[in-house]
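As you go down the protein sequences, you meet chains U and Z in turn.
Using our numbering, the first residue of the first sequence is number 544, and each one after it goes up by one.
Using our numbering, the first residue of the second sequence is number 3, and each one after it goes up by one.
No lab work stands behind these hints, which were simulated from the structure alone.
Check each hint, because a few of them may be wrong.
Claimed, not checked - Cross-link-like lysine-lysine pairs, in silico, BS3-like; alpha carbons within 25 Å at most: (1) U/Lys700 with U/Lys785; (2) U/Lys785 with Z/Lys46; (3) U/Lys639 with Z/Lys46; (4) U/Lys785 with U/Lys938; (5) U/Lys619 with U/Lys595; (6) U/Lys913 with U/Lys939; (7) U/Lys939 with U/Lys785; (8) U/Lys938 with U/Lys928; (9) U/Lys923 with U/Lys845; (10) U/Lys750 with Z/Lys145; (11) U/Lys717 with U/Lys750; (12) U/Lys639 with Z/Lys241; (13) U/Lys965 with Z/Lys241; (14) U/Lys928 with U/Lys717; (15) U/Lys700 with Z/Lys46; (16) U/Lys639 with U/Lys700; (17) U/Lys786 with Z/Lys46; (18) U/Lys722 with U/Lys750; (19) U/Lys965 with U/Lys742.
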Amino acid sequence: MRNSRGWSLVLPMVAVLAGAACSGGGNKQAADVTTGEPSGPVQITVWHPYGKLAAPGETPNFEYGSLTSLVKEYEKAHPNVTINLVNVNPDFTLQKLTPALQGGQPPDVVYMYGSNMPQAATSPQLQDLTALVQQSPSYDWNDFWPGERAVSTVNGKIYGVPALVDNLAVVYNKSLFQKAGLPLPTQNWTWDELLSDAKALTDESRKQFGLAFPVDGSETTVWQYDAMLWEAGGDIVSSDNKKAVFDQSPGVQALSRLQQLAPTMYKDFNPDAGRSEQLFNSGNIGMIITGPWDLAAFPDVKYGVAVMPAFAGQSSHDTIAGPDNWVVFDNGSAKVSAAWSFLQWFTSPQQVLRDSLTDSHLPTRASVMKMGAFQAFYRKFPGEKVFVENLPNVKKARPQITAYPRISQVLGQAIVSVILGKSEPQPALAQAAQQANTILATS
Amino acid sequence: MSTVRRVLGSDHVAGWAFAFPAVALIVLFGIVPIVWSFFLSLEKTNLISPPVWNGLSNYRALLHDPLFRTSVGHTLVYTGIFVPVSVAGGLALAVALNRKLAGIRLYRTAVFVPVVASTIATAIIFLWVFDPVFGVANWALGKVHVGPFGYFQSPNAALYSIIAMTVWGWLGFDVIVYLAALQGIPAELYEAAQIDGAGRWGQFRSVTLPLLGPATLFLVVWSTINALQLFDEVYFLTKGGPLYSTYVVVYYLFTLAFQQGVAGYAAAMAYVLLMAILVLTVLQLWVGKRVVYYAE
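Chain U extracted, bound-state conformation (with noise of 0.2 Å):
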């Protein structure tokens, strides 16, 4: 009797679980929408990355100050759009839409890493823009830096629009290369300086590195050598997506180079505790590669930004961005006019210029640039000057590919066995390549 009584509480769950794990097929078909007011009232909710306060107990968040301000703008001018702001940190955005999905209702506009994306996609509730996007030629698709546009575009169509850019370059500590009576680096300085800087930085006895790396071979690795990859002059996969090309002539080149750096470097195994930048601020690292957003942890050296070196016969200066996207889940067309509407609106360059000036965000949009009022950007945010010019040098983006972080991994470990010595870059990129391409072909 006991048995069964707790069957009867466990049978009717599997099967709705059973239920729940064979429906859910079958794409939904595209909302029909189109780029006019709602005519009706009509509420969306916006996930959005922005706490109140920059830390508990601290200053008020510029970021949650510059989105509730326009906002606020936003619903004034359109009576008939109610927005809900939800505050929801972005590294659990993917899991926590996983219930949202499944209860079938999703928030209608989402703030998403642009690694996310292809993910994302995968979701028959995932609005498809392109049309949107298309027949709103006001919106100036293309005045979006070319890398953020293949980050929002995963299989040729567009499923997002750019929230938030950023761009990794040099920072380097100016008093050390003062007191080692180096020249500072240039605009157009190359590998071959940053390596010999590196080299007459480095001095074990007083525990100072040429050049902070991570080395736990994550995507944080993998990034940095994806810019290098580029400036060298290769790719991470063939353009259709097919075949593994890293391990091509550009790939070893820029592996081989982070070999020879391999003894000047400050090796981090664990880049998110935040070690290298303790030490780089503490004067033991003279140079790190990393993006405005830890500029704020270097209170106490006197530090110069300059762009990614370029290759030797090379003018490349390209580096890599981590753009976010502001994403759309279909609940109805009226949601979707809406949620558009409002996209529209925030990511316009007059709102991307005043977002800018309030909360040191990089312009997401190559006109806000060039707008005489952006000059403001400069006096007000002095640090953040080299990485506003290179944003240009973002032209390329990682493969919008379900299968890139499995691909990210392989990469990651290779790159990371030869910086600890292990092995060479030839072969160690042809293995890693060869992973890939199995991967590549099952995924």
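Using the hints, position chain Z against chain U.
Using the frame of chain U, we list chain Z on its own:
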């Protein structure tokens, strides 16, 4: 009427009513995910796209996954060292702390502090202490001309460094369990043993050890289950590296499910681990029943 009253008034109903909140929580957060992840393990899904029925092919793929084999190997090495070292170390410390001494409470507290300290906080401390260049460990060893070692950053030493850290972190738990058991041993047994001419070692071997049997069995089973699911330290300290040298099963399935979008495959791996733990635990309890002495 009377039947209704009898049913409502029965002990069964009252018992289930009292147990209901706990049972509901266990069903909701324990049983439901277990059942759900079984269905997941038969599917190809990233938790976002509509799942595709995959039969047993996730389980078949496990057989041919070299990284899974590596992870299982590391998990076994870890468990094989962690369990005996932490249980034996806990016993030694408990015996040392089981006496009347000035400041004994302070020592006992000190031993237990690592258990309650958060893993992320201790991980950050360990990262700095065992940093090969800036760490105090290599600095101190250098003073006596030993080292330097790579610790978490050496592919050969990282797994053993994690063992050292987790033994340090969990030792206090074993000590507390053993201390409680030690204090439950009646003093007259020791008196009787003394009268029979047993020395200190004889008393320990013939009185203390057998009477600590149930505590030891509990600690071995509990530590094994814990060790096979090692995750936090790997996630915070090494991310499975350097070069896969600390890849263990739960870390591997975490990366698969939440970073690489192959949740079905990860669920299959979780089910294999669950079965392994189940079999091992039953085996340990079966052996324990035959070996462990239970006092009346």
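Evaluation of the provided hints:
For the suggested pair lysine 700 of chain U and lysine 785 of chain U, the alpha carbons sit about 18 Å apart, so the restraint of at most 25 Å is met. For the given pair, lysine 785 of chain U sits about 21 Å from lysine 46 of chain Z by alpha-carbon distance, which is consistent with the 25 Å threshold. At roughly 19 Å between alpha-carbon atoms, lysine 639 of chain U and lysine 46 of chain Z fall within 25 Å of each other, so this suggested pair holds. The hinted pair formed by lysine 785 of chain U and lysine 938 of chain U meets the criterion: a straight-line CA distance of about 21 Å does not exceed 25 Å.
Under the criterion of a C-alpha separation no larger than 25 Å, the hint pairing lysine 619 of chain U with lysine 595 of chain U is consistent with the structure, at around 22 Å. At most 25 Å may separate the alpha-carbon atoms for a hinted pair to count; lysine 913 of chain U and lysine 939 of chain U meet this at roughly 22 Å. For the given pair, lysine 939 of chain U sits about 17 Å from lysine 785 of chain U by alpha-carbon distance, which is consistent with the 25 Å threshold. Distance check on the hinted pair: lysine 938 of chain U and lysine 928 of chain U sit about 19 Å apart at the alpha-carbon level, within 25 Å; holds.
A C-alpha spacing of about 18 Å is found between lysine 923 of chain U and lysine 845 of chain U, which places the hinted pair at or below 25 Å, so the restraint holds. A hinted pair counts as satisfied when its Cα atoms are at most 25 Å apart, and lysine 750 of chain U with lysine 145 of chain Z qualifies at roughly 17 Å. Simply put, lysine 717 of chain U and lysine 750 of chain U have alpha-carbon atoms about 18 Å apart, close enough for the 25 Å limit, and the pair holds. Pair hint lysine 639 of chain U plus lysine 241 of chain Z holds up; C-alpha atoms about 23 Å apart against a cutoff of 25 Å.
Taking the CA atoms of lysine 965 of chain U and lysine 241 of chain Z, the gap is near 19 Å; set against the 25 Å cutoff, the hint holds. For the given pair, lysine 928 of chain U sits about 17 Å from lysine 717 of chain U by alpha-carbon distance, which is consistent with the 25 Å threshold. Restraint check for lysine 700 of chain U and lysine 46 of chain Z: the C-alpha separation of about 24 Å stays at or below 25 Å, so the hint holds. Our distance criterion of 25 Å between C-alpha atoms is met by lysine 639 of chain U and lysine 700 of chain U, whose separation comes to about 24 Å.
Only pairs whose Cα atoms come within 25 Å are accepted, and lysine 786 of chain U paired with lysine 46 of chain Z is accepted, the gap being roughly 23 Å. Distance restraint check for lysine 722 of chain U and lysine 750 of chain U: the Cα-Cα separation of roughly 15 Å lies within the 25 Å cut-off, and the hinted pair is therefore satisfied. With a C-alpha separation of about 21 Å, the suggested pair lysine 965 of chain U and lysine 742 of chain U falls inside the 25 Å cut-off, and the hint holds.
The earlier numbered hints are all upheld by this structure, with none contradicted.
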